[in-house]
Structures are given as structure tokens and as C-alpha cells.
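Visitor: Chain E: place on chain L using the hints.
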Amino acid sequence: MPKKIAICSTDSSPSSPVDGRFGRCSYFVIWDAEAKQYEALSNTGPDAAHGAGTGAVQALLRNNVDLVISQRVGPKAFEALQAAGLKIFAIGDAKTVEEALQSYEAGKLQELSSPNN
Amino acid sequence: MQIAVASGKGGTGKTLVSTCLLRVLGDRNSVLIDTDVEEPNAGVVLMQLAQKTTKVSRLVPEIDLKSCNLCGECAEICNFNALVVLGDKVLVFNELCHSCGACSYLCPLRAIKEVEHPIGVIEEAQLPSYGTLLTGRLNVGEAQSPPLIKATKSQKATSTLRIIDCPPGTTCAMIESISDSDYCLLVTEPTPFGLHDLELSLEAIEMLDIPGGLVINRWQGEDGELAALSDKTGFPILGRIPFSPELAEAYMQGKDPLEAMPSLRGILTDIFSQIKGVLS
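Taken in sequence, the protein lines are chains L and E.
Note that this note's numbering has the first sequence beginning at 915, numbered continuously upward.
Note that this note's numbering has the second sequence beginning at 287, numbered continuously upward.
Heads up, a few of these hints could be off.
In silico contact screen, one side only, chain E against chain L (beta carbon under 7 Å); selected entries [as the list claims (entries may be wrong)]:
no. : residue
1   : I363
2   : F366
3   : L372
Everything labelled a hint here was simulated from the structure, so no lab data went into it.
These numbers come from a predicted model, not from an experiment.
Note that CB positions come from ideal geometry on N, CA and C, so glycine has one too.
The following block holds chain L by itself, in its conformation from the complex (with noise of 0.2 Å):
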């Protein structure tokens, strides 16, 4: 079972609607399945001028998270995410943040085998 839990999220909170973008989205809401909590990560990637992508694999590294919600991933960042180990799931009708995570541990969810971006 995933530890963390990262969801691409136009805002800081679990009741945020989702972001479509990986590298570019706002923040990361990560759940963390141990302290049962969540807590927010702000993203850099929106303000880059090159590597949103990668900058915000090796963010999501710096914070042990092992899975990511997200629906668009480039291929650099799916390079990344898949050298590092770690599971993408599309965000699917998930609205918000909260909603994406129990649709993911309902599992509805379905995993990204390639880049579409």
C-alpha cells in the first residue's frame, strides 16, 4: 500500500478542485496513509520556464510520496516519475481532491501506462 499519496490540485485544501496538469498545477494535496492526514505542498512548476515536470517529480521525492493523482503527465515527467518507482493514476470525473482519493482507494481509478501530454 502507498505511504503518500500526492493529487494535483488547483488549491491547498482536500475540498480543492483537481488540476489536470502534473508539473504545472498549483499544489500538491498529499494524503499521508499513516498519520492519516493530509497536507499541502506548493508547487514551483507553475512559475518555470523549463522542467515543470521534473522539478516537481523530484519535489514529490524530497516528501516520500509514492503515488500521484494526476490526468496529463509530459513524457520527461513520466521518465522521471517511472525511474523513481512511483504509480500515476488518472484523476478520471474526480472533481475534488477528496473525491479523487476515494475514487482511487475504491479502486476506480486506472493507471497511466504512458505519457499524454
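Guide: This is chain E only, laid out in the frame that chain L set:
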């Protein structure tokens, strides 16, 4: 003298103007430099193949995993997120790297050395009686053109007349192409797109403090809003190339445009003397 032929909008006639200017001047010591390295076409227009090809590389980091302790300092330093430090290795994304060397310089364990990464070639062709053509050609899939543009422009630096056939747009590639030029000739067309992108180009050359002037290509009797822009910005209209389906047809067939439109010779000679006048 170095004259950059730029435009803003693509397809306005940069290559037409620069290749014809070279032919009209007919100086054996002149150099035409095609810095539209993603799709160079001056050689196609002049029907010249490369006689000499030089490879160009730039430096990218290579990690010695035996010395590396995965501290993450390099990824922290990199302004372009070109390095990702994982639990057991370091990923290097060459296409993101800007060859600044900071990671290698600042690695606490000296575990990073810089190695050459090929980015493209410089092709050289001797033209019949009107100089030399230098073409930068970027490798397919390579994202950054400025290092190759810089390398191509560094060749034959002492030639008395250098004409740069620039890439379109106002991005880094255009800026690298026009920088260090004595004059920037902006080729435009009387369309809303031509006008819009010309305004951006004028801002760029103003920031670089390069004197410039306009050539209106496909001119149909009126300067229209380009006249107002010229008045407002102070960049003069140096010449007008009339709209001509015959010229376009001949150009597409690889024929000499100066034969299809003999008046073009006078138009370009006049433009060149106006540039010389500004620079003297």
C-alpha cells in the same frame, strides 16, 4: 558590416531578401549565414549543397555514480530542472540542460563531469562569385537552437559583409541571430499578422539597441498601417517589393528571382545604400 534580415512573422520573405541581396552585391568576400537552424532554406533557394560540414556540440553533465552519494545538490542548483536525483541514480535530461556547468562546478564530491552532446552541424558552401553560405542545421529532436546559432555566427567573423538570414519569431533564436549586428532589416507584409509580429520585432531590436528599417514585401500599392507604425516608431520604410505571382512562381521553381523581377535589383541596391548611409 553585419546585417540581420529578420521579420517576426514567418514567410514574409527573409530568405528572398537575404539571398537576393547577396546576389545583387556580388561580393566574393561576403558571407550569408542561415541561422534558421530548425529549417534552414537559403541553401535550397541558392541550390547549393554543403562542401564542408562541421559538427557542433554543447556540454551536458555526466554523473559518475561511483563517486556520487545522491546528495541532491545538483538538482537543487539546476535552474532548469535538468537533473532528477532518485534513490539509486541520477537522471539527466539533456534537452532541459542549458550547459551552464553549475552542477559540475558545485558538486561537493566532484562526481559530475561535462561531456559533449552533439546538437547539429555547420555547413559551408562556396557560392559562384558572390561569397560563402554558412548554414546551421539543428539535429532533429534537439530543443535549443541558440548554442548552434552562436557557433554558426562565430565562423568567418572577419568578413567585411555578413548577412544573417534569421529565424522567424522574437524568441531566443531570433535574439541570438540579430545580436551583435550593425543593422536589422525587417521584412514584413501588409497583413494584420505581418503588422502584429513586426511590432514585437521592433521592440526586440530597440531593446538590443540595433538600428533598423523595414522592407514591405508583397506590396500592393499602399503602405496602410505599416506607414503609421513606421511614423510612430521612427523605423523607416527602406523599400517595397511589389506583389508578383511571377516572382513567387519563379522562386518556387528555384529560378533566379532577379530575372523574374528585374526591378528587384534596384530596390535592393537602394536599400543597401540607405543602410550604408545610416552606418557611415
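Visitor: Go through the numbered hints given earlier and state which of them the structure violates, listing their numbers in rising order.
Guide: Checked against the structure, the only hint that fails is number 1, while the rest are satisfied.
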